[in-house]
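Undergrad: Here the protein sequences come in this chain order: P and B. Read in order, the letters of the first sequence are residues 1 to 303 in our numbering. Read in order, the letters of the second sequence are residues 1 to 228 in our numbering.
Simulated from the structure, these hints should not be mistaken for laboratory data. Glycine included, every Cβ here is placed at the ideal spot set by N, Cα and C. Careful: at least some of the hints might be erroneous.
Below, a list of computed lysine to aspartate or glutamate pairs in the EDC-like style, where the Cα atoms sit at most 20 Å apart [to be verified]:
| no. | chain 1 | residue 1 | chain 2 | residue 2 |
| --- | --- | --- | --- | --- |
| 1 | P | Lys221 | B | Glu51 |
| 2 | B | Lys94 | P | Glu13 |
| 3 | B | Lys89 | P | Glu13 |
| 4 | B | Lys89 | P | Glu210 |
| 5 | P | Lys221 | B | Glu105 |
| 6 | B | Lys123 | B | Glu51 |
| 7 | B | Lys109 | P | Glu13 |
| 8 | P | Lys209 | B | Asp87 |
| 9 | P | Lys302 | B | Glu51 |
| 10 | P | Lys209 | B | Asp181 |
Residues from chain B that keep clear of chain P, each with C-beta distances beyond 10 Å, as calculated [to be verified]:
| no. | residue |
| --- | --- |
| 11 | Val67 |
| 12 | Val74 |
| 13 | Tyr97 |
| 14 | Glu105 |
| 15 | Lys123 |
| 16 | Asp132 |
| 17 | Leu138 |
| 18 | Arg197 |
| 19 | Asn201 |
| 20 | Lys214 |
| 21 | Tyr224 |
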Amino acid sequence: MDMATRPFYFMREAIENMRKNFAMSSAAISTTALSLFLVGIFLLMFFVWSSFAVETLSKLEVEVFLKDSAAPKQVQNFQNKILSWNEVKTIKYVSKEEALDIFKEKLKDNPGILQAMTGNPLPSSIRIFLKDPHQTKTVVNKINNYTGLNELVEDPKVDIKYGADYIEKLFSVIKMIGWMGLSAAALLCFASIILVSNTIRLNIFARRKEVAIMRLVGASKWFVRWPFLFEGMFQGLIGSLVAIGLVYFVKVWALRKVVETIPFLNLSINEALFLRLILGMVLGGVLIGATGSVIALRRFLKV
Amino acid sequence: MIKIKNVTMIYNGGKPALEDINLQVDRGDFLFLVGPSGSGKSTLIKLLIRELVPTKGEIYIAGRDLVHMRLRKVHLLRRDIGCVFQDFKLLPNKTIYENVAFALEVIGKSERAIKIQVPEALKLVGLGGKFDRYPGELSGGEQQRVSLARAFVNRPPLLLADEPTGNLDPSISMEIMSLLDRINKTGTTVLMATHDREMVNNLRKRVIALEHGKLVRDQARGVYGYGD
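Kindly generate the complete structure, drawing on both the sequences and the hints.
TA: Shown next, in the form of structure tokens:
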């Protein structure tokens, strides 16, 4: 009898064994769940961080504020020039009126300030969005070297706005946290694999006599192996489902708490990425369970 | 059935546990294997189920060459050998029904055949009403009967028993013994290692004796023959 002819026999054996070795299998399940939970939470935090970083970077832009006296023709030429640069993704011209609208929108809770305002003191501007935020410096230099700049801008030092110093620092911090996160995640994964496979090894060690008896009455190696393999897979599966439940709880609840406390931090998790995390956890759990069982069993099958 | 030629077994460079053993057992024989503790009885049985491979010599069972057998073929040999041990070797997490059924599941018997053969075997050893009990809930004698039922449920041509009555009261030992005798009468070759002087002396079967790893006696209708 083998796997092809009676797969359900082996699955039933596996479930039966889990039931009868309840303490052992709950140990394996909870170890798997806890390990995967830690890995999952860590990756989740990493996702939040990287989506935050990406969003912050994508918001980086260069804004050039124009004199009210700048001639429309010259402004148009300037825009065309900027658009011709490789580094530039798109630009957006913000007229005085639009600037005022945005300002009003931002201050709608403080109508007093708006009433105190007469006329429109806000300048028009050109917002420049870059393909790669790392090129901010290059673009700013190019603007500074633009020949007709004096007629468009009052004072280049004040009226060309960009993240300046903090951009460089932000880049290095983002990079560093990324590497730290990745190596910590790798370490955590490694520790989890060791932890789970040790639990399985204890489990199988406790049942080594059973394995020997099965071999004694003529069970082939695979006949002994299949139920243990399924047992490992089921334990991994249940463990990963528990872990996913916990991770999901943390995602929904804790994230909301954070957003409530620090509302300006626009934290979000890409749903597709989260789905991949879930699938990865299930796959990881099942895989660790299965391979852990087969490897732990090897020693005791040599009879 | 069993042919052993010039077999020597040495564990990791120590003294030989068995030395130059020659033995021929015919189909349907019943023989006792006697000898003091440490004389090599258990080693011989382990060689026969290929738990061990001899250092030197040849072993054949029903035409199978045990010395050159690949590890992944060993389970096929064991399906032809029923085994009974002093410590019963039952699966603690299975009921006695499941324990006996396991020996049939392993060889791929259909569920229908299992449902007929297992109760038959258990009734034969006198455990008709205890199918759902676990080994831990049974007495030693009952456990040994379960292990006997498992050993012959698939009608193997050879049955090996390593001190099957070693842990049991004399009256229960006699029951086990008569079961073995009955199994032998159906044509199964039985080899039984034992310390039980009275049993050997009463039954007058073939007796082979081991001492310090050497085969010192092979006697048809023999006696136990030790003073201990």
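Undergrad: Please go over all the hints and tell whether each is borne out by the structure.
TA: Hints, verified against the model:
1. P:Lys221 with B:Glu51: Status holds; Cα separation ~14 Å.
2. B:Lys94 with P:Glu13: holds, 10 Å
3. B:Lys89 with P:Glu13: With Cα atoms ~19 Å apart, B:Lys89 and P:Glu13 stay inside 20 Å; holds.
4. B:Lys89 with P:Glu210: Roughly 8 Å separates the two Cα atoms, so the pair holds.
5. P:Lys221 with B:Glu105: Cα-Cα ~14 Å, so holds.
6. B:Lys123 with B:Glu51: violated, 31 Å
7. B:Lys109 with P:Glu13: Distance ~16 Å between B:Lys109 and P:Glu13 Cα, so the pair holds.
8. P:Lys209 with B:Asp87: With Cα atoms ~12 Å apart, P:Lys209 and B:Asp87 stay inside 20 Å; holds.
9. P:Lys302 with B:Glu51: holds, 9 Å
10. P:Lys209 with B:Asp181: This hinted pair is violated, its Cα atoms lying about 29 Å apart.
11. Val67: It holds; B:Val67 is separated from chain P by about 17 Å at its closest Cβ, greater than 10 Å.
12. Val74: Given a closest Cβ separation of 8 Å, the condition is violated.
13. Tyr97: holds, 13 Å
14. Glu105: violated, 7 Å
15. Lys123: holds, 20 Å
16. Asp132: Holds, because the least Cβ-Cβ distance between B:Asp132 and chain P comes to about 14 Å, which exceeds 10 Å.
17. Leu138: At about 16 Å from chain P, B:Leu138 clears the 10 Å cut-off, so the statement holds.
18. Arg197: holds, 28 Å
19. Asn201: holds, 31 Å
20. Lys214: Given a closest Cβ separation of 27 Å, the condition holds.
21. Tyr224: holds, 28 Å
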